[in-house]
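Engineer: Put together the whole structure using the sequences plus the hints.
Residue numbers (this note's numbering): 1 to 599.
Treat the hints as calculated values from the structure; they're not laboratory data. Note that the Cβ used here is the ideal one computed from N, Cα and C, for glycine as well. Keep in mind that a hint or two might mislead.
Between beta-carbon pairs, the in silico distance windows are [said to hold, decoys possible]:
1. P581 <-> V409: 20 to 28 Å
2. T408 <-> N535: 30 to 38 Å
3. E471 <-> V14: 58 to 66 Å
4. K564 <-> A60: 48 to 56 Å
5. V111 <-> L271: 24 to 32 Å
6. P217 <-> W155: 43 to 51 Å
7. I557 <-> E599: 33 to 41 Å
8. W155 <-> N535: 48 to 56 Å
9. G543 <-> E599: 28 to 36 Å
10. P567 <-> V149: 28 to 36 Å
11. T173 <-> V111: 32 to 40 Å
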Amino acid sequence: MKALVWIRRLVAVVVLVVFAVSFLQAVPKEGWLFGVERVQFVPALLSAVQGSTWGWVALASLLVLTLLLGRVYCSWLCPLGMMQDVLHRLRHPRPQARRGKGVRYTPNHPVIRAVVAVLVFGSVPVLGSLLLTWLDPYSISARLMAGVVNPAVAWAAGVAGVDCQPAEWLRYTPWLLVLLLAGVTLPLVMALLRGRLYCNTLCPVGAVLGGIARFAPLTPQIDPGRCGRCSSCLRECKAHAIDLRTRRVDTSRCVGCYNCLSVCDRGAVSLRWRGFPGGRREDAAAVAESPVAGAHEGGNPARTVAQPPAAEVVEASAGEVVKASAGGAAVDTGRRAFLGWGVAGLASALLPEVQPEPSADVATAGTNVGPAAIPPGAGSLEQLLDTCTGCGLCISACPTHVLRPSYTVLGWRGLMKPYLDYTAGYCDPSCNRCSQVCPTGALTPLSLSEKKHTQIALVRYLQGHCRLWTEHAECARCAEVCPTGAIEAVEARHPVVLPNQCVGCKAKRCYNACPTGSISFAVREDTGRRLAVINYETCVGCGYCAEACTRHHGIDIRPVNVLKFTPERCNGCGACEHVCPASPKALQVQPRVRHLRLE
1 MKALVWIRRL VAVVVLVVFA VSFLQAVPKE GWLFGVERVQ FVPALLSAVQ GSTWGWVALA
61 SLLVLTLLLG RVYCSWLCPL GMMQDVLHRL RHPRPQARRG KGVRYTPNHP VIRAVVAVLV
121 FGSVPVLGSL LLTWLDPYSI SARLMAGVVN PAVAWAAGVA GVDCQPAEWL RYTPWLLVLL
181 LAGVTLPLVM ALLRGRLYCN TLCPVGAVLG GIARFAPLTP QIDPGRCGRC SSCLRECKAH
241 AIDLRTRRVD TSRCVGCYNC LSVCDRGAVS LRWRGFPGGR REDAAAVAES PVAGAHEGGN
301 PARTVAQPPA AEVVEASAGE VVKASAGGAA VDTGRRAFLG WGVAGLASAL LPEVQPEPSA
361 DVATAGTNVG PAAIPPGAGS LEQLLDTCTG CGLCISACPT HVLRPSYTVL GWRGLMKPYL
421 DYTAGYCDPS CNRCSQVCPT GALTPLSLSE KKHTQIALVR YLQGHCRLWT EHAECARCAE
481 VCPTGAIEAV EARHPVVLPN QCVGCKAKRC YNACPTGSIS FAVREDTGRR LAVINYETCV
541 GCGYCAEACT RHHGIDIRPV NVLKFTPERC NGCGACEHVC PASPKALQVQ PRVRHLRLE
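Structural biologist: As structure tokens, this is what we get:
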């Protein structure tokens, strides 16, 4: 059985290394690298809800494995579980040397786990993925990688002179870092104190898988004929799930590490089918008939315990309340209640949410304006808030650093979830990494062509701030970077007031000729002269003002390059706003609440 333990350790190391590397910016983001994220329970569940075939396959595989072998996911595939094991091993490097100290069986608390499962999964239709964001083991470990490990590695690589993208510490504000570290510290501190305490109390994935693992036929079993109650298996059990009083393993909390199999010198603990000769039911019956059956904790001598009379309520080793009668079968109320709540929670999580039909207002933002632009592939802000767990994988994969974790921008439901900050960068039209790496289905994978035709925001052109009009500068940076041709530099008639010739005449011919009301009069402070002033925010360059000023020729028409903006072509990538040199920006992005399709 030691070979099985080493295989489990090797698989766990490979999974943890690949998981960590997928968050490093210095590593090319290939598709195979993100297979580990897609086989995590909560991402697979949310992806399946979105209709992903891969999500359904991953979720079904995890459930089948749990139904056959118990909670092997927790020790073989869960990154947070592996981190907890590492910390627990660092504190207790030689658990077999701790004879009689701190080794004991911990009673099960199914009600706590049932409440956690119902609150987390049952709240998805109402609160979206808010509780999942903070209690899902994958999301916790992913945020640690995205917010702490990734910037630390990038900073260390920069110090060592390695060519690497700079550390983006500012992606997480100080308050976000505090929240992130608090969320990660809780399970790790619990692991230092009591091993897999978090997994068997607050983890929603552990609660659901624990309920299914009760029926697993192939789990560690204790042979009462061989067991000498030496407590070696109990000392190795990270979940404190072995009860030596009844020589039973609580499969709802056993995380499938199989350490107990490798330390038993008598071969009393083995991996066997339950229900066959030597299985758990037979073991429990043998213990109940044994005259020396008793409690044993930490290597203390066994104490004899009198058999309880029939029709009494006894507490089983797994913490279930079982009422036995002489003429009837046992009724397991704890298991039945737990499974009922768990199924209800998962059912509510799988209920499809009715999304409003997107409007066709491409040319104007209208009421479809959100607090911030959300990544392409999200579809709508509501869908992002419902399915994103804020793991930060898309933020780590973004090459232009435009994706940032939200603190208050997306509201309290959007804490830690990504949005586009155009002051930090722009959404590269030749990149679709964020939608490709998302493991939860919050971002639907988009091809580059589909992304180009998806409007995530709409740019608003403020002509009065544009340097072409205000400073008559030769600037067309926005037109050069626009990937869809929504902004073009075209030649137009540009009226300019000549201060040496304009006298601010009382006839106001230019004022009366302007069809847009863009001309007014003001007195210059330096000379005290009254001059015409053109409001370039409303001026259309018609030239009527210059034609009307025939006496003094105080307004001249000059052919210059100006911007022509076509809203129907804008996909809201933000490149124009990012490169605009004007202050305030002449091009400002209006985020979409619901993404629209560009024809």
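Engineer: Would you mind marking each hint as holding or not holding in the structure?
Structural biologist: Okay, the hints, checked on the actual structure:
1. P581 <-> V409: 20 to 28 Å: With a Cβ separation near 25 Å, P581 and V409 satisfy 20 to 28 Å, so the hint holds.
2. T408 <-> N535: 30 to 38 Å: Given range 30 to 38 Å: holds, Cβ gap about 36 Å.
3. E471 <-> V14: 58 to 66 Å: holds (59 Å)
4. K564 <-> A60: 48 to 56 Å: holds (53 Å)
5. V111 <-> L271: 24 to 32 Å: holds (30 Å)
6. P217 <-> W155: 43 to 51 Å: Once the Cβ atoms are compared, 50 Å apart, the range 43 to 51 Å for W155 and P217 holds.
7. I557 <-> E599: 33 to 41 Å: holds (36 Å)
8. W155 <-> N535: 48 to 56 Å: holds (49 Å)
9. G543 <-> E599: 28 to 36 Å: Roughly 34 Å apart at Cβ, these two residues keep to the hinted range, so it holds.
10. P567 <-> V149: 28 to 36 Å: violated (42 Å)
11. T173 <-> V111: 32 to 40 Å: Given a distance of about 38 Å, which is inside 32 to 40 Å, the answer is holds.
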